[in-house]
Amino acid sequence: MPKIRFHKLAAIAVLIGFAAWMATGEFSSVGSAADHKKAADAGKATQSGAEKPKTAEAEPKAALRTVAVVTPPRKTYARAIRISGLTEADKRAVLATRVAGVIDKLPVKQGDHVKTGDLVLMLAAEEKISNVDNARQLLVQRQAELDAALRLMKTGNLPKLQLDTARSNLTAAQSMLETAQAELDRNEVKAPFDGVIDRVPVELGSSVMQGGEVATILKLDPVIARGEISERDLRYIKIGDEANVRLVNDQKVTGTVRYISRDASSQTRTFRVEVAIPNGDGSIPAGMTAEITLSAEPTDAVLLPRSVVTLGDKGDLGIRAVGKDDKVAFFPIDLVDDTPHGLVLGGIPQDARIIVAGQELVKEGDPVKPVEADQATFNKLVSEATAGTQ
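The sequence shown begins at 1 in the numbering used here and counts up one residue at a time.
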């Protein structure tokens, strides 16, 4: 039987020892278990020692954050509601023929001003004119026959039945003339209202069909500025209010609200508003882009720089102010107007000390150390508020 060498016996012994150590579950680094035991023993020793005083000295409180506050001057502002729109004619009509024919008269051209009843176009109607002349002559004859019958009736030389026949003939002649005149009028196109001829798509001597377009007439005095107002702002305006209109060419005019729709658009939930603008010289055309500014009833508000506006916890716009208890409060704003000098804000309490510096570093309920803003800042707010009301 061969003998087992020494180094093989040594390897087997080391393997058995390693397996025994693994079975104990002690995987910590060498010395760590001992250190842990020493720390536990030290903790027990500390607990067994003399107890410390229960009333330990309190930690110092954190310093209050300093914020700059100001109580701005209050003024009465008229709420400004700005909407985009465009100008349009007060009246617009597309004139068309009532019968077919050839254009015999066309006394107007594009850009001409016409009055109600002016002739715009006439079709050739020689036969109809002749019929009117014949009917008029017949009417004169029937009238003379009736006059003669009345004279004979007074002298007793004419029976009453013949007098009735003369009257009937006169009535028939009048009806014939009216019919002939109506037929002739169908060949004429006249202006339905005072206005300006904007388009004439036909030429003298051309043929037109019944119902064919021959001219477009616009009434531009007054010219109308039309826009859409939101359902939130609808309560602030009424018919008869004054409105300022700025055209795309920077021309500024003043008009009056003449119509407010009571039926909202199903797509935008907005209401149509019309502003009538005097335009006697016709200088304002239809179809021009315009910005309409409507003024509502005046309200108490303050003028503040845009930098003071911040977001609340719920995501709404507002300002932060300091209350009597020196704690931060948040007030949602009512935007009255947006001017070049700043924002005109309503809904702010009378005694609110508005934070103008540091408002983004605090939140509602935080105690703060309010410091009045420097005089230069206060004077700036006062001057802006005064300029904004002029």
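You may find that some hints are simply not true.
[What the hints assert, rightly or not] With a straight-line cut-off of 30 Å between C-alpha atoms, the simulated DSS-like cross-links for lysine-lysine are:
(1) K91 with K75
(2) K238 with K109
(3) K190 with K115
(4) K314 with K75
(5) K369 with K327
(6) K190 with K75
(7) K252 with K115
(8) K252 with K369
(9) K190 with K105
(10) K105 with K252
Bear in mind the hints are in silico, worked out from the structure with no lab data behind them.
A quick look at each hint next to the structure:
A hinted pair counts as satisfied when its Cα atoms are at most 30 Å apart, and K91 with K75 does not qualify at roughly 42 Å. Taken as a hint, the K238 and K109 pair is broken in the structure, with Cα atoms around 40 Å apart against an allowance of 30 Å. Between the alpha carbons of K190 and K115 the distance comes to roughly 9 Å, so the proposed pair stays at or under 30 Å and holds. At roughly 29 Å between alpha-carbon atoms, K314 and K75 fall within 30 Å of each other, so this suggested pair holds.
Between K369 and K327 the CA atoms are separated by roughly 9 Å; this keeps the pair inside 30 Å, and the hint holds. Of the supplied pair hints, the one linking K190 and K75 is violated, its CA atoms being roughly 57 Å apart against a limit of 30 Å. Between K252 and K115 the CA atoms are separated by roughly 29 Å; this keeps the pair inside 30 Å, and the hint holds. Pair hint K252 plus K369 does not hold up; C-alpha atoms about 48 Å apart against a cutoff of 30 Å.
In summary, the hint linking K190 to K105 is supported, as the alpha carbons are separated by about 12 Å, within the 30 Å threshold. Of the supplied pair hints, the one linking K105 and K252 is violated, its CA atoms being roughly 41 Å apart against a limit of 30 Å.
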